[in-house]
Amino acid sequence: MLERKQLKDRTQVTFILPDHTPDGPVSVVGDFNHWNPAAHPLEPRGDGTRAATVALPAHSAHSFRYLAAGGHWFDDEQADSHDGTNSRIHT
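With positions in the sequence shown counted from 1, the corresponding number in the working numbering is that position plus 413.
Rather than coming from a laboratory, the hints here were simulated on the basis of the structure. From a predicted model like this one, the values you see are computed outputs, not experimental measurements. C-beta: ideal position from N, C-alpha, C; glycine also. Don't take each hint at face value.
Said to hold, decoys possible - Quick list of simulated restraints, FRET-style, between CB atoms:
(1) Asp-496 x Pro-457: 27 to 33 angstroms
(2) Glu-490 x Glu-456: 18 to 24 angstroms
(3) Lys-418 x Glu-490: 19 to 25 angstroms
(4) Arg-417 x Pro-457: 19 to 25 angstroms
(5) His-472 x Pro-435: 31 to 37 angstroms
(6) Gly-497 x Lys-421: 29 to 35 angstroms
To be verified - Lysine to aspartate or glutamate pairs mimicking DMTMM-like chemistry, simulated, CA-CA at most 20 angstroms apart:
(7) Lys-418 x Asp-493
(8) Lys-421 x Asp-489
(9) Lys-418 x Asp-489
(10) Lys-418 x Glu-456
Generate coordinates for the entire structure from the input sequences, incorporating the hints supplied.
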């Protein structure tokens, strides 16, 4: 799931997954963090989910995916679109 909060000239995007689906650590990786899995690991929240928040330029589009333990890549089904390889978000 994706949550957005509009800031002055940026959009704060929160990437959210259930706490244990999939099991183990998960990171959101994309063109906004140079596909670096260490940049935005999802952290547990008190509501049974885990999340990472990224501030992106307003009126832009970005490719991203999730990377789970064991090298398991997967997409966000609720992304704005998919380009055949990646999920896409439009701010």
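Going through the hints against the structure:
Remark: the range hint 27 to 33 angstroms for Asp-496 to Pro-457 is upheld by a beta-carbon distance near 30 angstroms. Checked against the given bound of 18 to 24 angstroms, the beta carbons of Glu-490 and Glu-456, roughly 21 angstroms apart, stay inside it. One distance hint, 19 to 25 angstroms for the beta-carbon pair Lys-418 and Glu-490, holds here, with the actual separation near 21 angstroms. Separated by about 21 angstroms at the C-beta atoms, Arg-417 and Pro-457 satisfy the suggested range of 19 to 25 angstroms.
At roughly 33 angstroms, the beta carbons of His-472 and Pro-435 sit within the given window of 31 to 37 angstroms. Taking the beta carbon of each, Gly-497 and Lys-421 are about 34 angstroms apart, inside 29 to 35 angstroms as hinted. Proposed proximity of Lys-418 and Asp-493 is supported: the alpha carbons are some 15 angstroms apart, at most 20 angstroms. Using a Cα cut-off of 20 angstroms, the hinted pair Lys-421 and Asp-489 is violated, with the two alpha carbons roughly 26 angstroms apart.
A hinted pair counts as satisfied when its Cα atoms are at most 20 angstroms apart, and Lys-418 with Asp-489 qualifies at roughly 18 angstroms. For a cut-off of 20 angstroms, the pair hint linking Lys-418 to Glu-456 stands: about 19 angstroms separates their Cα positions.
Hint 8 alone, counting from the list given before, is not met by this structure.
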